[in-house]
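All chains, full assembly: derive it from the sequences and hints.
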Amino acid sequence: MTTVADKRPDLRDAAAKAGRSDRARSEARLGWLLAGPAFIVMLAVTLYPILQAFYDSLFNFRLTAPDDRSFTGLNNYAVVLSDPLFWQALGVTVFITVVTVVIELLLGFALALVMHRAITQLRGLLRTAILVPYGIITVVSAFAWFYAFDINSGYVNHWFAWVPGISTDLNWFAQQGTSLFVIIMSEIWKTTPFISLLLLAGLSQVPTELEEAAEVDGATWWQRLTRVVLPNMKAAIMVAVLFRALDAFRIFDNVFIMTNGANGTEVLSLLAYRTSIGRLEIGLGSAISVLLFLCVILICWVAVKLFKVDLAGGARGAG
Amino acid sequence: MKQLSTRAKIAWALITIFVLAYALFPIVSIFATSFKLPSQLNLGLFWPKTWTTVNYEEILAPGGSAQTLFLSSLRNSIGISLIATAIAVVLATLAAYAIARLDFPGKRMVLLTALGVSIFPVISIVTPLFNLWRNIGLYDTWLGLIIPYLSLTLPISIWTLAAFFRQIPWELEQAAQVDGATTWQAFRKAIVPLAAPGVFTTALIAFFIAWNDFVYGISLTSTDRARPVPAALAFFTGASQFEEPTGSISAAAIIVTIPVVILVLLFQRQIVSGLTQGAVKG
Chain A
1 MTTVADKRPD LRDAAAKAGR SDRARSEARL GWLLAGPAFI VMLAVTLYPI LQAFYDSLFN
61 FRLTAPDDRS FTGLNNYAVV LSDPLFWQAL GVTVFITVVT VVIELLLGFA LALVMHRAIT
121 QLRGLLRTAI LVPYGIITVV SAFAWFYAFD INSGYVNHWF AWVPGISTDL NWFAQQGTSL
181 FVIIMSEIWK TTPFISLLLL AGLSQVPTEL EEAAEVDGAT WWQRLTRVVL PNMKAAIMVA
241 VLFRALDAFR IFDNVFIMTN GANGTEVLSL LAYRTSIGRL EIGLGSAISV LLFLCVILIC
301 WVAVKLFKVD LAGGARGAG
Chain B
1001 MKQLSTRAKI AWALITIFVL AYALFPIVSI FATSFKLPSQ LNLGLFWPKT WTTVNYEEIL
1061 APGGSAQTLF LSSLRNSIGI SLIATAIAVV LATLAAYAIA RLDFPGKRMV LLTALGVSIF
1121 PVISIVTPLF NLWRNIGLYD TWLGLIIPYL SLTLPISIWT LAAFFRQIPW ELEQAAQVDG
1181 ATTWQAFRKA IVPLAAPGVF TTALIAFFIA WNDFVYGISL TSTDRARPVP AALAFFTGAS
1241 QFEEPTGSIS AAAIIVTIPV VILVLLFQRQ IVSGLTQGAV KG
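As you go down the protein sequences, you meet chains A and B in turn.
If you're matching positions, the first sequence starts at 1 in the working numbering and goes up one per residue.
If you're matching positions, the second sequence starts at 1001 in the working numbering and goes up one per residue.
Just so you know, these hints were derived from the structure itself, not from any lab.
A portion of the hints provided could be inaccurate.
[To be verified] Examples of chain A residues toward chain B, derived with CB under 7 Å:
#  : residue
1  : Gly31
2  : Thr46
3  : Leu131
4  : Val132
5  : Gly135
6  : Asn152
7  : Ser153
8  : Leu246
9  : Leu292
10 : Phe293
11 : Val296
[As the list claims (entries may be wrong)] These stretches of chain B come out as covered by chain A in the derived footprint (C-beta under 8 Å, 3 or more residues):
#  : segment
12 : 1019-1031
13 : 1044-1054
14 : 1112-1121
15 : 1154-1162
16 : 1202-1215
17 : 1255-1269
[Unchecked claim] Simulated DEER-style distance windows between Cβ atoms:
#  : chain 1 : residue 1 : chain 2 : residue 2 : range
18 : A       : Trp159    : B       : Ile1017   : 12 to 20 Å
19 : B       : Pro1105   : A       : Leu74     : 35 to 43 Å
20 : B       : Ile1078   : A       : Ala110    : 32 to 40 Å
21 : B       : Trp1051   : A       : Ile297    : 47 to 55 Å
22 : B       : Ile1078   : A       : Ala219    : 50 to 58 Å
23 : B       : Trp1051   : A       : Leu43     : 46 to 54 Å
24 : A       : Gly165    : B       : Leu1045   : 18 to 26 Å
Every value quoted in this text rests on a predicted model; they were computed, and no experiment measured them.
The beta carbon of each residue, even a glycine, is placed where N, CA and C say it ideally should be.
Here you go:
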């Protein structure tokens, strides 16, 4: 992608020769005049709150006793990090993230292949169907899955009573394993379409000549997929995985609706919510919020440094 | 179009049925639940034994147990999401225009900031805002939700619109001017028709995201004044205290899902191109 300015090398060269020419300066001013408001709003709604959260996390501060506010340094972090509940919530969050991303990647890729290969008459229908879960409110999805599995109003137990381990008495939301199963099902259903559309875009960028050449050379379907298609869409896969991993890591809605963190299903976002909004422990809650934020930064860092995910590929194209 | 063999036809039919079942099953499931009699909820059946609209009366008819709660939350959700979308799209249109057409230092930083904001854990913003909003009187108000909603709607709008705008052949504008059109005419006749679909698609995607919010909704509101639908659903109570609100929640869920399904049916092609351009091609 190039900008108009890039297309006029003569202008650019002239500007470069004259240092920052008037034209370039007025273009820069207009650029910031237009992009500035959006930029400031974005900083105001995220950078400011996270700095405030960090500041609040240094205090012993409960809203129920606002006058007892006192500076405690990093003590809140020590409290949080030495609490087994935090580590359990972190473990559950990581578990949900890894399982959903792996399944969504496989399922999403299958759906993307179907949409990519679909004959023209079916393409619109398939894409419309895929988009429905994407548009549905997560809370609605959570209730739909919850009611289907619920021991009272559900029908899943009746349908699958023949499966060993499932009977009409099975209360899915009374143990950790079965609760997480339903939570993950709802999460996968709702967010696979997104990953699948990203992969579809990646698929359509694989040059068809390459695939045809491999076919002529006698490669099987599986060989073409693993040797030609997948390596050529590695970038798209990595971006999709990273985006979904970060999204899954902040899971909240499904857990809140189905179990509210009971039976070992507490996740980090819910822990932060219950600490600060539920128990009004602003200091402790802020510390958890900051830790959650650091986890997200860490995931990004690992992805970009170790797996070389080119997150800013588009941004570079612009610059 | 090459002729399909019978086997291929059957395979495609099966695949289509499978995809449709995947996409629609949970919705059909909650649809069926919404028409069940409260007394017949526990029969373990998928379809209602007796179809009834009693759950819809609870949330829509005057005197229904959840009517005030549901209708006010519906008003809040529509109002707050629309305003947050409108502000985001206006700001993002200006920013994306600058990113696509102008060369200025820090352009990449604007895009990277948008990316950073879009992956920001929402709950990290909620704690400080909760405290601040209570102090300055924005707690439980529309404005108190519209502002944080911008953190959801603005980044994706910037990315999607920047991607759309980069594909517009801006030379058309100059061409129109050469042909004798004024600057304004050239912009209106040549550029607006090309840019409008992108702006509209972006608005649609941003609206979906605002409409879906739950964390801000339950954290920054406490009453009917500003509570949006997803948060209100979590606070539904049954017709009596011995009754689960299953039916009314299902009915409310169906009502807020219908517009989404209609929008998806109408604008499937645009939404797909908007989502994929913004995310992959950047």
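Do the hints match the structure? See the list:
no., hint, verdict
1, Gly31, "holds (3 Å)"
2, Thr46, "holds (5 Å)"
3, Leu131, "holds (5 Å)"
4, Val132, "holds (5 Å)"
5, Gly135, "holds (4 Å)"
6, Asn152, "holds (5 Å)"
7, Ser153, "holds (5 Å)"
8, Leu246, "holds (4 Å)"
9, Leu292, "holds (5 Å)"
10, Phe293, "holds (5 Å)"
11, Val296, "holds (5 Å)"
12, 1019-1031, "holds (count 9)"
13, 1044-1054, "holds (count 3)"
14, 1112-1121, "holds (count 9)"
15, 1154-1162, "holds (count 5)"
16, 1202-1215, "holds (count 5)"
17, 1255-1269, "holds (count 9)"
18, A/Trp159 x B/Ile1017: 12 to 20 Å, "holds (18 Å)"
19, B/Pro1105 x A/Leu74: 35 to 43 Å, "holds (38 Å)"
20, B/Ile1078 x A/Ala110: 32 to 40 Å, "holds (36 Å)"
21, B/Trp1051 x A/Ile297: 47 to 55 Å, "holds (52 Å)"
22, B/Ile1078 x A/Ala219: 50 to 58 Å, "holds (53 Å)"
23, B/Trp1051 x A/Leu43: 46 to 54 Å, "holds (53 Å)"
24, A/Gly165 x B/Leu1045: 18 to 26 Å, "holds (22 Å)"
This entry satisfies every hint, going by the numbered hints stated previously.
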